[in-house]
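A.B. asks: For reference, the chains in residue letters:
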Amino acid sequence: MLFLKDIWSVFVAELRRIFHDGGVMLLFFLATLLYPLIFYAVYQNEMVWDLPVAVVDESQGVESRRFTHKLNATPEVNVAYKCCTMSEAERLMRQHDVRGIVYFPNDYDSRIAKLETGRVCLFCDMSSFLYYRSVYSAASAVMLDEMKQIELQRCELQGATETDAEGQVTPVSFEDVKLFNAPGGFASFLVPGLLVLVLHQTLFLGIGVLFGTGRERRNTPKKILELIDKSVVRVTLGRAFAYFAIYLPLTFVNLFVLPRLFGYPYIGSVDHLVLFLLPFLLATIFFSTTVATFFRERDAVILVFIFFSLILYFLSGMVWPQCAMPPFWRYFSYIFPSTPAIQGFVRINSMSARLPEVGFEFGLLWAQAVVYFFTTCICLKIAKKRFKAKSEAENDVVESLPSDVE
Amino acid sequence: MNTFFNSIRREWRYVVEHPRYILLLTLGLVFSYIFFITLMAQGQPQKLPIAIVDHDGSYLSRRLCHEINATQGVDVVAVYDNHTQARQAMQRQEIYAFFEIPKGIYSDLLAFKAPSLALYANNTYLLAGTLSYKSLATIGKLAAAAVQREILRKKGYSEKQVMGIIQPVELDAHLISNPTANYQPYVLTTVLPGILGVMVLLFSIYRVSEERKNGTMQAWVDEADGNMFVALAGKLFPYTLWFSMLGILGNIILFYYCHYTMLGSFLELSLLVVLFVIVQQALAVFLVGLVPEQHMSICVGAIYGMLSFTMSGFSYPVTAMIPFMQGFSNIFPLRHYYLSYVDIALYGSNLGQYWINVVVLLLFVMLGLVGGWLLQKEMNKVSSVQ
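Chains as they are written, first to last, in the numbering used here: chain A, 1 to 406; chain B, 1 to 386.
FYI, nobody ran anything at the bench for these hints, they're computed from the structure.
Here the structure is a predicted model, which is why all the values come from computation and not from measurement.
Beta carbons: idealized from backbone N, C-alpha and C, even for Gly.
Any given hint might turn out to be false.
[Stated by the list, open to error] With the C-beta cut set under 10 Å, the calculated list includes, among others, these residues of chain A facing chain B:
| # | residue |
| --- | --- |
| 1 | 1 |
| 2 | 62 |
| 3 | 63 |
| 4 | 139 |
[Stated by the list, open to error] Okay, derived cross-link-like pairs now, DSS-like style, lysine-lysine, Cα gap no bigger than 30 Å in a straight line:
| # | chain 1 | residue 1 | chain 2 | residue 2 |
| --- | --- | --- | --- | --- |
| 5 | B | 141 | A | 70 |
| 6 | A | 178 | B | 47 |
| 7 | A | 70 | B | 134 |
| 8 | A | 148 | B | 154 |
| 9 | A | 178 | B | 154 |
| 10 | A | 178 | B | 141 |
| 11 | A | 148 | B | 213 |
| 12 | B | 213 | B | 377 |
| 13 | B | 113 | A | 148 |
| 14 | A | 148 | B | 155 |
| 15 | B | 103 | A | 114 |
| 16 | B | 160 | A | 148 |
| 17 | A | 114 | B | 377 |
| 18 | A | 178 | B | 377 |
| 19 | A | 148 | B | 377 |
| 20 | A | 384 | B | 213 |
| 21 | B | 134 | A | 148 |
| 22 | B | 213 | A | 388 |
| 23 | A | 114 | B | 155 |
| 24 | A | 114 | B | 47 |
Using the sequences provided together with the hints, build the complete structure.
C.D. replies: Structure (structure tokens):
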């Protein structure tokens, strides 16, 4: 009974400290909700539509003109300029007025007429992966379509009937299905993972600031300091419940409400998601409290670890596939709760996976939660010992310091 | 000039006494370089795991499996009996794509029934999904072309006639300045200077606001004869040198060790790095002048700094954003660094092309002067109260 009472008093004390600290509130509440809004504004268009390209048509024939028309009709590309010479198109490319150049050599039509292969040259702007992807996929889609049409004509020229020609040109047909994110939208791919990362990072940085402030200003609540002597387990649990209570609604908003509100994928089963997110919060909280015991200054954690958000996202395997990572980095990524959390959340939420399919991630999160719980207790114990030794050495200067709470 | 050196000396004392943060940041930067360069060492993900659902189990379907396995981009890790197994494997992320070969494909083919192959690719992972899709689609088309040729031959066309029918158009793609579509230059050339930028921004905010927090502003400015601008310059100058050096060193690694394309002058890019570092420091001064509390200014700096990665447009192009966001992107120095880098390195252009970005960066430096002026005013107020 006393055990529960102690946990409760730590819980209350920690909550009070959080709500009195404007900086932590800023991280916990404002950053968590602000970032998703900005992501929404930035990635609203999902795709790169109507990229301007220049066409240089030295062939000036029926075939090249039909190719140009079809290219203009694709959603990805817009034939914005028709240039007479390559150098003119090159100048446009240099000035970023166009993102690609399609060039028909002067023998394009005549080669096709002679039953040979006509060559189209495509120059892609490689300054962004999406420019390249859009221009290239539009051009190759048109190329395939043209190929089929000309092949049909040629078969008919050689005496085949229409149905015969069809069978000769496409003996095997293709059906391609792009699963889970059919148009290849950028936000649908990027943002669900980022939403998890935002929760992970604000929790991590917020706890870091909280602990750093405790060390810097000696404003750790009296109740907690007293209880640390008695049992680090109670303190750790009480604190964890405080963060958990704050992040439960935030997680709900970020991972349940926002995808539905902003139109990101949400085809996962809710109960599986809830079960999965439970160890995510616990693992993140205990991971953060473990690391946070090392901070001695209020802003140290932000200063030193802010850039880590990027590294965590790349480690999660959303951008660079996990199978292509060197083994070292793959194992390294298992240290952080963000890796299994992002993987698992995206697979349940966007790919409708169920718990058995994310069994590894689920297990890893629980393992992290347990391991980091114990490391938190151990680190806290060590920190307390050091603190005691230090304050005895300083002849209890600590006591005389004003316990300034914001 | 003397006062300037006094200010530098004062800051140098701090560096020697408290080397912790500067050391940690430098280590963090080195870690980032090592991390990103080794993480994506392949350039383009190779051997992406895919699977085949073989309903037919015929000679043809098995040959197709072999062909797929022989390509560089993908690797057949499993052959499943049914669609559900393959989908579950995809949800377990064991595979990124799979081919489904329908029952009776071989006999249908022989009977000219135009059987259809299905290709499923997981687009939740954009890069892996796109690449595995591209590899499989290419294989599929090649296989179809082979079948087509076989059929035409059997129909009695001569070899010359066959060649005259197939492949009437050919696409010859030239990927400017990145012929292998290497993914590394896309990310690294902007992200790594960006990390440097965030570090400089936050550290400068921390250092300048530390004086206010410790109540040592008077002593600090006195060292510079009461001139805030000299005091600021002296305080930040050692870090300008240090971080510019790190940035240029980083670019040497990217362009000379990793051999990313550099068509223009490396000197111009290096000068740009120095300007970029100065801009971050100027922004830091501006933020400190504007936001009176240290923690708040660091938080604002962190949010702004992390946003610059999104807004620089190296991943999702700014031109594809809504107009408001396109305008908004201009207030991030990293955006201008990225644009200038593209002009210098990928197109070999000179200042005549990207001068506008340099002008914007210089405007940011002006903001730093405004910040200095705000701090000077604050100082005067403090000293007049005393």
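A.B. asks: Determine for every hint whether it applies to the structure shown.
C.D. replies: Here's how the hints hold up against the structure:
For residue 1 of chain A, the suggested interface contact is broken, since its CB lies about 39 Å from the closest CB of chain B, more than 10 Å. The criterion of a C-beta within 10 Å of any C-beta in chain B is not met by residue 62 of chain A, whose closest approach is roughly 13 Å, and the hint is violated. For residue 63 of chain A, the shortest C-beta to C-beta distance to chain B is roughly 8 Å, which falls under 10 Å, so the interface hint holds. The beta carbon of residue 139 of chain A comes within 6 Å of a beta carbon in chain B, closer than 10 Å, and the hint placing it at the interface holds.
At most 30 Å may separate the alpha-carbon atoms for a hinted pair to count; residue 141 of chain B and residue 70 of chain A meet this at roughly 21 Å. A C-alpha spacing of about 19 Å is found between residue 178 of chain A and residue 47 of chain B, which places the hinted pair at or below 30 Å, so the restraint holds. For the proposed pair residue 70 of chain A and residue 134 of chain B, the alpha carbon gap of about 21 Å is at most 30 Å, so the pair holds. Only pairs whose Cα atoms come within 30 Å are accepted, and residue 148 of chain A paired with residue 154 of chain B is accepted, the gap being roughly 20 Å.
Proximity of residue 178 of chain A to residue 154 of chain B is assessed by CA-CA distance (about 35 Å); at most 30 Å being required, the pair is judged violated. With a CA separation close to 17 Å, the supplied pair residue 178 of chain A and residue 141 of chain B stays within the 30 Å bound. For a cut-off of 30 Å, the pair hint linking residue 148 of chain A to residue 213 of chain B is broken: about 72 Å separates their Cα positions. With a C-alpha separation of about 17 Å, the suggested pair residue 213 of chain B and residue 377 of chain B falls inside the 30 Å cut-off, and the hint holds.
At most 30 Å may separate the alpha-carbon atoms for a hinted pair to count; residue 113 of chain B and residue 148 of chain A meet this at roughly 18 Å. A C-alpha spacing of about 19 Å is found between residue 148 of chain A and residue 155 of chain B, which places the hinted pair at or below 30 Å, so the restraint holds. A C-alpha spacing of about 40 Å is found between residue 103 of chain B and residue 114 of chain A, which places the hinted pair above 30 Å, so the restraint is violated. This hinted pair checks out: residue 160 of chain B and residue 148 of chain A have alpha carbons roughly 19 Å apart, not beyond 30 Å.
With a C-alpha separation of about 81 Å, the suggested pairing of residue 114 of chain A with residue 377 of chain B is violated against the 30 Å cut-off. Using a Cα cut-off of 30 Å, the hinted pair residue 178 of chain A and residue 377 of chain B is violated, with the two alpha carbons roughly 61 Å apart. About 74 Å separates the Cα atoms of residue 148 of chain A and residue 377 of chain B, which puts this hinted pair outside 30 Å; it is violated. Our distance criterion of 30 Å between C-alpha atoms is met by residue 384 of chain A and residue 213 of chain B, whose separation comes to about 27 Å.
Proximity of residue 134 of chain B to residue 148 of chain A is assessed by CA-CA distance (about 19 Å); at most 30 Å being required, the pair is judged to hold. With a CA separation close to 27 Å, the supplied pair residue 213 of chain B and residue 388 of chain A stays within the 30 Å bound. Under the criterion of a C-alpha separation no larger than 30 Å, the hint pairing residue 114 of chain A with residue 155 of chain B is consistent with the structure, at around 22 Å. Our distance criterion of 30 Å between C-alpha atoms is broken by residue 114 of chain A and residue 47 of chain B, whose separation comes to about 40 Å.
Checked against the numbered hints given earlier, this structure breaks hints 1, 2, 9, 11, 15, 17, 18, 19 and 24; the rest are met.
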